[in-house]
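If you read the protein sequences in the order shown, they are chains R and B. Just so you know, we're using this note's numbering here: the first sequence kicks off at 1 and counts up by one. Just so you know, we're using this note's numbering here: the second sequence kicks off at 425 and counts up by one.
Because the hints were derived from the structure by calculation, they are not lab data. In this text the structure is predicted, and so the values were computed from the model without any measurement. One should not assume that every hint holds.
Per label pair, the in silico range of CB-to-CB distance [stated by the list, open to error]:
1) B/Lys632 with R/Arg11: 21 to 27 Å
2) R/Thr385 with B/Gln570: 35 to 41 Å
3) R/Ala294 with B/Glu619: 28 to 34 Å
4) B/Pro569 with R/Asp363: 50 to 56 Å
5) R/Ala294 with B/Asn456: 55 to 61 Å
6) B/Pro569 with R/Phe388: 40 to 46 Å
7) R/Arg11 with B/Ala604: 27 to 33 Å
8) B/Thr615 with R/Arg11: 57 to 63 Å
9) B/Glu505 with R/Leu405: 28 to 34 Å
10) R/Arg329 with B/Glu505: 15 to 21 Å
11) R/Thr348 with B/Thr615: 43 to 49 Å
All C-beta atoms in this analysis are idealised placements derived from N, C-alpha and C, irrespective of residue type, glycine included.
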Amino acid sequence: MIKFLIKGLLRDKSRSRLPIIVVSLGVMLTVFMHAYITGFMGDTFEMNAKFSTGHVKVMTRAYAENLSQLPIDLALTESGELLTNLRINYPEMEWTQRIQFGGLIDAPDSTGETRSQGPAIGLGIDLLSGNGNESERLNLSESLVQGRLPAKAGEAMLSDDFAKKLNVIPGDDVTLIGSTMNGSMSMYNFIVSGTVRFGVEIMDRGSIIADIEDIRIALDMEDASGEILGFEKSGFYENEKAETMSAIFNSNTSEGDDEYSPMMKSLSQQGNMGQYVQMSELWSAYISLIFIFAMSLVLWNAGLLGGLRRYGEVGIRLAIGEEKGHIYRSMILESFFIGLAGSVLGTTIGLFFAWLVQTYGIDISGMMKGASMMMPSTIRARITTPDFYIGFIPGVLSTVFGTMLSGIGIYRRQTATLFKELEA
Amino acid sequence: MESSNTIIIKGLYKRFPVGKGEFTALSDINLNFAQGEFTGLIGPSGSGKTTLLNILGSLDVPSAGEALVLGNSIGMLSAREAANLRKVSLGFIFQSYNLLAVHTVYENVEFPLLLLKLSATERHKMVMDALEWVGLTDKIKSKPPQLSGGQCQRVAIARAMVKKPSLVLADEPTANLDAANSHHILKTMETLNRELKTTFVFATHDDKVISYLRRKVFLLDGRIDKDEIIHPNS
Ligand SMILES: Nc1ncnc2c1ncn2[C@@H]1O[C@H](COP(=O)(O)OP(=O)(O)OP(=O)(O)O)[C@@H](O)[C@H]1O
Ligand SMILES: [Mg+2]
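Next comes chain R alone, as it looks inside the complex (with noise of 0.2 Å):
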């Protein structure tokens, strides 16, 4: 009996293959959409850790606290232990120091008079200690709209609108107004080496960038740094495994009530990056849910499944003596089938579509303009573990849910109405 349905099945092209391509169209849309979502959020992520967040990041608890103030002030003391401390225990991460400031930006004149000024913030990074890849994980080099990276002590570089605002370009010199750690005003001078350009708005404001033994002295920070960043050396932020991370580091080290004690907080864990954590998550979710409906009622109504166009097929296997349960059960096992076929079918596609994506990347910078939040400009898919079973949800659910619908009509029916409805 099984093989004589299976048969027909594979037969009857209304009955197999038009649900199939309904079902694989459905499927493929939900896996691409989440490797997209994946890759977009990932991106999202990874700006922010690269440029803010880290993976992972270490800070005194009072720094902790007041993160959007960039207080240095709160820095860590003797950072440089705790970096070698933290390469020894995280050997899978990558760890760097980092200090962020806020600050004023003035450039002279010939005669030293103030010919213009703008607030900054300044971003002191590892670019000359020959041992860091500070310089890629920010992608300088690509950046770079005019002049060079920094490549001595007491040079920096603006942002490339800063710069044009300040009417500064490489060569000049500009002076950095702070305030030490210890609170008290600080003067620096810098050589502008270059300008650069991330296409991310909050980044291109206005920024200094320079390398962290320049602010140090700057800022009166010796073997201080503000936070200390961890990046996984698989370069893909996993939130489980930073929250655990952090958990247990930071179980580790609460000296007390020691507001300098250092502490680990994770990407998700800083700023509403949580949220955008979660939101990624519940997406895939809402994905696979929106398409288990869209398709079901496409294929109810188109009628693909179930008896509507089979009375005549139901009429004579009740005839046989078949009973109507078995052959509503039977209705049901076979749209399983189909469901498991479009499933695969458009789980294949959606992978090479979702490949392609993460291979070539969608350039979105048009529709950046303005944006507050770090978002990347090249849109790439990711192609995760779900991407392979995600589909399968919505596809094999929706010809079931289908079928059970449009064949309560059969199963409800009484023999002698439905043997009558195939007579007509």
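We have chain R already, so just place chain B with the ligands on it with the hints.
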């Protein structure tokens, strides 16, 4: 000469709910059919022929009275028992053939055997026999859309007969056929009736069918109007 009764109908009524009231499709039917009869239920449209045939086929139940088919009281059977009766003992022939279009002639005829516990060899033999009876052994690989109406109905007869049921119910089997094809399939059924002792009950108002019947039960407005038995010598 025909002794054992295949069908016994006593005081049978069938009422359908219509709106708030009821419509009586069959009233006070009393009939016995013996094994091996070649009988027709004859009457105008709406007289209740199909309704009675459906009850005999255990697809519907009487509202009152009793219908015994091969010893089974139709109204008392569970869904499973009714299905089992159809599976083992009944064959159906329809006006519109109801062949499965994507399956071959052979597969269509084999279909009723799939529910019975039979080996593939047994099935093969039975299918080939049935196709032999209706003269379609050369068409086993064809599919219904490639056949003429007469050929389709012969496939349907083979399908109804393949398991050698005790009772075949045929509702307007010639309605879609021309005269030549009608006579052809009627002759086939007459032969099978004689050789296999299968009881045939037709529902019809076609004169060609009526001319083959050995007994004519006339229905009018759900009642038996006349019951004529034609003796072989007349
Ligand atoms: N399910 C039902 N509900 C209500 N009325 C019904 C139902 N089935 C049949 N009837 C009515 O019962 C009567 C007998 O119907 P039936 O189908 O048995 O007629 P018939 O003799 O087979 O006619 P035809 O020659 O047109 O096939 C008709 O008036 C029909 O409208
Ligand atoms: Mg009828």
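Hint by hint, here is what the structure shows:
1. Separated by about 35 Å at the C-beta atoms, lysine 632 of chain B and arginine 11 of chain R break the suggested range of 21 to 27 Å.
2. Separated by about 50 Å at the C-beta atoms, threonine 385 of chain R and glutamine 570 of chain B break the suggested range of 35 to 41 Å.
3. At about 58 Å, the beta-carbon gap between alanine 294 of chain R and glutamate 619 of chain B misses the expected band of 28 to 34 Å.
4. Distance hint check for proline 569 of chain B and aspartate 363 of chain R: the Cβ-Cβ separation is about 53 Å, which falls inside the suggested range of 50 to 56 Å.
5. At roughly 59 Å, the beta carbons of alanine 294 of chain R and asparagine 456 of chain B sit within the given window of 55 to 61 Å.
6. Taken as a hint, the range 40 to 46 Å holds for the pair proline 569 of chain B and phenylalanine 388 of chain R, whose Cβ atoms sit roughly 41 Å apart.
7. One distance hint, 27 to 33 Å for the beta-carbon pair arginine 11 of chain R and alanine 604 of chain B, holds here, with the actual separation near 32 Å.
8. Hint check: threonine 615 of chain B to arginine 11 of chain R, Cβ distance near 33 Å, so the stated range 57 to 63 Å is violated.
9. Between glutamate 505 of chain B and leucine 405 of chain R the beta carbon distance is about 30 Å. The supplied range of 28 to 34 Å therefore holds.
10. At about 19 Å, the CB distance of arginine 329 of chain R to glutamate 505 of chain B agrees with the hint of 15 to 21 Å.
11. As the Cβ distance of threonine 348 of chain R to threonine 615 of chain B is approximately 56 Å, the hint placing it in 43 to 49 Å is violated.
In summary, the numbered hints that this structure violates are 1, 2, 3, 8, 11.
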